[in-house]
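Enquirer: Dock chain H against chain V, hints included.
Each chain, written out:
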Amino acid sequence: PFGGPLSSEMSVTLDIKLKRANKVYHEGETVAGVVTLCCKEPLQHNGIALSMDGIVNLQLSSKSVGVFEAFYNSVKPIPLISSSIEVAKAGKIPGGKTEIPFEFPLISKGNKVLYETYHGVFVNIQYTLRCDLKRPLLAKDLSRSCEFIVHSQPQKSKIVPTPVKFSITPETLQNVRERSQLPRFLIRGHLDATSCVISQPLTGEVQVDKSDVPIKSIELQLVRVETCGCAEGYARDATEIQNIQIAEGDVGHGMPIPVHMVFPRLFTCPTLETTNFKVEFEINVVVILQDDHLITENFPLKLCRV
Amino acid sequence: MASVQWRSRGRNYEAELQRCHPEGLPVEFGDYHPLKPIMVTDTKTRRGARKGSTSSSSSSSSSAPVDPLSSMLDGTDPLSMFAATETSAAASHSSSVGDLGRKRRVKEEEALGADFEPWSTKRGEILARFTTTEKLSINLCMGSDRGKAPNPGSSAVSEKVRTRLEELDDLEEGSHRELLNLSQQDYANRIEELNQSLKEAWSSDQKVKALKIVIQCSKLLSDTSVIQFYPSKFVLITDILDTFVGRLVYDRIWTMCSDPRPLPDSFTVEDVNDTAKETCLNWFFKIASIRELLPRLYVEAAILKCNRFLSKSGIQETLPRLTAMIRGMGDPLVAAYARAYLCRVGMEVAPHLKESLNANIFDLLTTFRQISGDSVQKQLHLQKVEVPAYLMLYSPAINWILQCVAYRAPEPLLTEMMERCKMMANNALLLNSIMRAFRPEFVATRATDFIGMIKDCDESGFPKHLLYGSLGRSLACADPPESERLTILNEAWKVITKVRNPQDYMNCAEIWVEFTCRHFAKREVNTVLADIIKHMTPDRAFEEAYPQLQSVITKILMYFHDFSVLFSMERFLPFLDMFQKDSVRVEVCKSIMEVFIKHQLELTRDPVILNAMLHICKTMHDSVNALTLEDEKRSLALLIIGFIRMVSFGRDFEQQLSFCVEARSTFCNLEPVLVQLIHTVNQLAMETRMVMKGNHSRKTAAFVRACAAYCFITIPSLSSIFSRLHLYLLSGQVALANQCLSQADAFLKAAVSVLPEVPRSISVEGKLRSSESFLLDFINNFLATLLVVPDHPEHGVLYLVRGLLNMVQDYTWEDNSDAKVRIYISALPLLAAMSQETYLYSIHKVDSNETLYGGDPKFLSEINKLCETLIGQILDHLKTLTRDEQSMRRQSALAFSLFGVLLAHGDLKNNKLSQLSINLWNLSHKHGHSETRVSIRTLESIRHQAQRPDMAHLSDTIQRLALQSRT
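Note that the protein sequences, when read in sequence, are chains V and H.
Start counting the first sequence at 1; every next residue gets the next number (the working numbering).
Start counting the second sequence at 1001; every next residue gets the next number (the working numbering).
If you are wondering where the hints come from, they were derived from the structure by calculation, not from laboratory data.
Model, not experiment: these values are computed from the prediction.
Under the rule of at most 25 Å between Cα atoms (straight-line distance), these lysine to aspartate or glutamate pairs were calculated in the DMTMM-like manner:
#, chain 1, residue 1, chain 2, residue 2
1, V, Lys19, H, Asp1274
2, H, Lys1277, V, Asp15
3, H, Lys1618, H, Glu1594
4, V, Lys23, H, Asp1259
5, H, Lys1286, V, Asp192
6, H, Lys1277, V, Glu103
7, V, Lys216, H, Asp1223
8, H, Lys1312, H, Asp1271
Looking at chain H on its own, in the form it has when it is part of the complex:
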């Protein structure tokens, strides 16, 4: 076998192409075809309904192809719709609720309308805002209360027998739990525990115990020690009340009536059966006998909805009564929150009953004078709480009540509220809440009025910058009359700029930046920025205000998408300089870059933009250090790449190249950016070639060589071996295309010399994988390029091919791997192609070996010798593959692919080659590992070829190719 001869088959590529030219087969309309555009019809689905049918359109030619992905995404896709319903369902009740309950709740929300901001959006804010570091306590027993101050009522009359009703007040018989020294988090945890035990008690049918827990919880709301935590406490405890009524009591009674079929949502009293009514009535009697005012009020408010089971007018009668009942609460803060809760329940259950809402706010206004009363002042003194801080505690409650009152309220009511506020000497607290709660449009149209009222406000107690903050928040979403805008801004800023405390200043300024950006141009925004810088620089005040400063940037980016305008704002970059904490600065740079990539649609060479962007990108790049996470690096690199891709100097290629040079030195730590730069430079070279239509002048030739040089010195700095290999190959191809032969040679040589460094396994997306398949892919690609690379005059024939094959031979392949032999097999077609008179492809203005050697027999015999060596190597390898089943399978496969190569590229008129091919066929079929279907197809194909006159010799061969019979 050692004396194999190789003769390449002569090919006429032209004729073959002609023969193979596929006749265009038109696709019939209505035929199935996988690439036909798919169109989504029925995209207008209503909220909640999740239908949506996909059907392929029947007229593919007439309608413009619609991208199925984008058409899904125009706002009505089922996923986001689903999410939308989910959030609104979750909105009304933060606690998870049963399926039945949820459906019903969604309905109710709709009755309220989506424009009503639900309580759930407020609760998180309140929890985050009203915190304390002081120690809290939970006192869960009324018995002890009795012990301390003997109940005068019971002492007046001998009380020996306690009735069952009175026992309601004790959680457990005689139990007394007082938890002291709780941190805020502990407190929240305890409340959650109570919530859990409430649910447990309920599910284990201990209804009375559940009610006791609820009573105990609501009682905690009468405790105003650690007063600054009170709003948060209110949130935590009313969550439990919501669970109690929303989920437990109401649903339970509701299911009692759902036999035989569920109650309709719009049920009436007549639909409710007697047992359910009796159960409901029982609850009301129990609650009516709760001794203390506060828990009785809260629990009855919580259970308000259950009135629907008993009478039509129940809710309507109860709401005013509960509203009046709150007058009995002496502490104005406790009363205000009780009103807030009542309004919350009222809005949920009967949003149409406006009178009680109004009664609540008017009652609240009359209690305002209690705030300055002795009791409150004494308490504040005792707890060392300042009046402004104390007043702030009211704002969530008042805001909420006003929001309920203002919801779809007629204009006159709102005006009346404003008048009342004026009457109460412009009570700042109330004014603040009005601006927060009323529709922004309402506030915006009267902005000048409000400014006047703010001016007249009593300064003591409630700082004015907060009032301006609230006004600014409304103006950020609704527009005041155009003629007043500048006056408003001036008036507001006059006050804001006088705020001494940097934190207060910043909170307010941040809000007004949006108004400024919305209605004014560069100049005004620049002034505002300058003012902020002036306030925040002394004593490095900015260090405490990063979130607000960041939000300023975000707001500016929201309104300014023209980066040439943005960067021409004098104070913008100095403003950025205030972000001196690394992590924040990078964060800000990233947000700017994201907006840039999204909104900068045209390529740019504007020096202002380039300088600023380079500065920003450099900041991001310089933040990378050894500790930076891979993900972070990737996202930074992507942003910088996004910038580089937007830079274009048009025909000024040299400028572009020098930009790349600068960028390389600036971004040297981010490999993906370097890769992008190499691609950019290669593209530059190709664009140059295009402009010169393939004929380089002396100057352009020098330029493309400079490009090649750029790539050549940049590639080695990459750490990823495959990036290097691919870029060498690509740059080599680009150099060839630009007739830079020695550069191309250098690239390809470099690639070959790097090959031995390829590790046997590489990490792909964090997983270690064998590099073999990647290497095979690369080498095949490389071989294809080698066809057109002319031999170097100073080196021998087929210098690069030999070099590559030597590297392949010396490479330490995996054990039991056929990779090397596979490469040998795929090198054969290359060599066969090289021995043709005319090559399959060539490069414009580059002479390949076909021209260099002109079919010189010496060259051909070199090729044949090389082929013979390769075949010898392959056959030697085949011989070793006999050890076991596994290796015989491999032997069969390899033999068959070599057979395929011989058939396609070898000249089978040669007897020896023909014999070899027959032997290989037999070898591959010897142990039954061949695929019969492939074999049959192959035979068919050979038979087909043999019909051609120049291939007639194949019919002899085919006679001798036996198909293995299956027995």
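Pulled out of the complex, with its shape left as it was, chain V reads as follows:
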């Protein structure tokens, strides 16, 4: 009857399970699932609570800190949603596995917009469910949290894909020190669109028509551009999300090589622009020659969800 606090604590596990396997929800929908409790013996508790939080975390890169001391304060977390409900009143839970279903409406307060989940470097948008189980004296409270993913509402206006052609020769390059020393080459290609649907891959073609020096590699670099700040000043940082090689070695000339990149989940979101921060994306087509010459062609992207 006087089971020590440790013994009972050891045997309890608390978990949150969402109904949807992919954990994706939209504003206005109901986040549903179960809180599961597993314990060998009956468990005394002082109430089980469930809370939902959505938050934007901003961070300044080290190089920006100091320079923008003035608006340092403006870079504090921005809450998007916060609410909680009581799942169970204080009482006893029988031994074994107990499942308590819950439903949580995903509705923002006021005119706040629920931005899409995004895991970046300087900007993070995250939504979590957190379950707290309060326990009587001498026993530790239990807590468990679980991230769920919010997709923003589909954009209403239709996107008409407009192909973007490009042609790279030594003459088209900028930032070249000695243009005369460059080997001759002609690389042509196109992207099917720069306004991209986030759930569909970026596509296009690259074709090496001529190159005096053999190609070593052709890569697609996906870059995030994150901006934090306000009117007084802002920090803008570009970092690589992923780099996908589409050609390796001395590829045959005149053969179109497919450009294909899947936008990674969580690490990309529809291009976002707010008063406090911005999240944008760019693609670089990087051609490396065997003499280690590096040729980059940059394309800003606009991502959206339809």
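Expert: Frame of chain V, contents of chain H only:
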């Protein structure tokens, strides 16, 4: 007890036979009878189903008896059927797979059809063909790669935080394994280790680590150093990919959906639950973010099948995309193999999607010009690889892709391929692959066209004999139009005969021998053989080509079963002479003998065959030496025996005997052959007797004596004592049957004199066993023969019987053995039979003792005296058996058998004998070791006999035979 008297019971064998004649008891239909033929019904079982019921047929008389064994074996027996499904299951995936997986895989194979040669048959060949002695290395880290050449992409932008996705590229955080200086075997072992660690990682739920291993492995395929090993490397690494997708990922997702009941094989996207879909999607996202092109392609190809979980059209959309993606691979060899892998997966998952296959081959053709490009040439120069050798590296990949393309492809497509080949200036590499991959029938009907194309081919880079080799391989299994055959052979051989390098020549000639044998006769084959001899003799080139030469012989034997034709081929025996290495020569001789035994159905006396076969058999025989294994000797002996049995000179018995004489001197080292020769000669003697209907003429009598002499001098050379004994006895019987009395006497005497040499234990099938039971069997058999052997005029009465019994007495029997006494007991019936007026059996034209002595009382009393001595000996022995339980048991048994003999053969009217029998009965029952059931049966039998008038005296005896009561 010493004064036992013996009187044999008088027997009327005729009357006894009459009495005992069993009335034929008809077996009722439907009755169970063990010898009734068993018939297997339901032999037509479909592949895979292993039913098959056995039932005995109800009408045994009307239906011809069907041998249950052979009826089981006509191709549909469950065992071979099972084996067939097994191989086809194993065919698609060499790695062992789970039971569920296997079932499904068999299904898929069937979708492809059995006429599609699966990858698994190719892999062994590739592994054996593309080898290297150079040192290999495995580099299992991308981090180091980054270190050497700083990734320009990441340097362009500050990269501080590595995302989880990028970490996929490292096997372990910061780990870097580079294994240098590996031999080929080491390399294969390492790859296998990786395969193991992949499975371990997977089973311990480290899915990401498993994926990392797979990525690292596929990355090894972009390394083309030691290029001649590349095809084998491809095989090893794609095995891992197959494990990964076939066994691990796909099955895992599949089982996720199998709750509550397993997914049907033909499941659709709707049947897949959300969790499984999400897991599958996760895999695809992870793979899509693999940085490097080659691993991304391979892993995505490996996991292609999983698209079925996500969408109906997934596979259909992915295949063309992956096909296009390969264009990004700069190295043409790497790209060719990537295409081969994609086609392999594509054929397995969606054989109906032909477009991608075609796209692959056409893309491949456009990359051909890269082979002559600077990058490739520089690499070849660096690795010191010749262009022809380099081109050969492509052939497995191209062959495979073409095989996929050609599989059930419409004729126009194939013709288009041929046209393309012509357009590409008859690219030899492509032409070669077309001939290898397309249906042999297709190639055969256009053989003349192909020959023209081969002629027009650019000689540089790809040797023509290889092209002819490939053409020959197709023609070996499909027939070109009859009118073109000779031209084809002439055209091909014109080129083949000009090949300088003996090894290349032989490889090609070996293939074309089959075509020649298939369509032409002795003359053409002979010409081909002559050409081979001409090419292979200089510098003893044949020494390097034994396997191919052997295969030539095998192919000839496949088509020529008439040995008189075969051996009349002038160059056949000279061809055999090229096998100068002993082991190979014997191997070849054995294969010829096997075919001979299988296909020579008629007895032969053809001198051509006999000479050649004797030569071949002698070669085999002469290979036997002190080191030859027993098994090998046995199999050689069996083959030679098979030959000897096929030799018959018909009525020319003398010729046959002289053949045996020659054979004996030729095969003297193989004992089983000598035994067979003795049997053959004995049979010869009996056949002679049959022909003469038992009455030998002066000439035939001399001949059978010669036969006996042959046996008599051959037997002593055998080392096996029992062979000698049995052959002496048998030859003695044959000699008796042929009225050669002194010869028979000599045989039997020899047998008796050999008896003391019998060792107490002999080796039977490698195990040491007591020889006693074999010896007892032999002596009983011997005794039965002695009844008809007449006494020798110069020796005393019962000379042989006494001699035998003396030997038995002097033989050193095992301790505690009753064998000697058992022989004494069984000698009594013989003696009793000898004292009859008319003997139970006799030999035509041989006077036995019955006639010699004519029931002379002196002879009878000799017999009785001998019997009395025997009984005295037996009783003495019985007296010693009182020591313990064990010996009393033996005493009881012996006493009972002596009782049985007395009852059957002794004259129990004689009081003393009657008393003795009663004593023996009591002795055997004294200690309760007798079997009551046997005793009861015996009493019943005696009672039955006593009813006959001449046996009435038995009723007195029976009164005194008490059954031991069980208390």
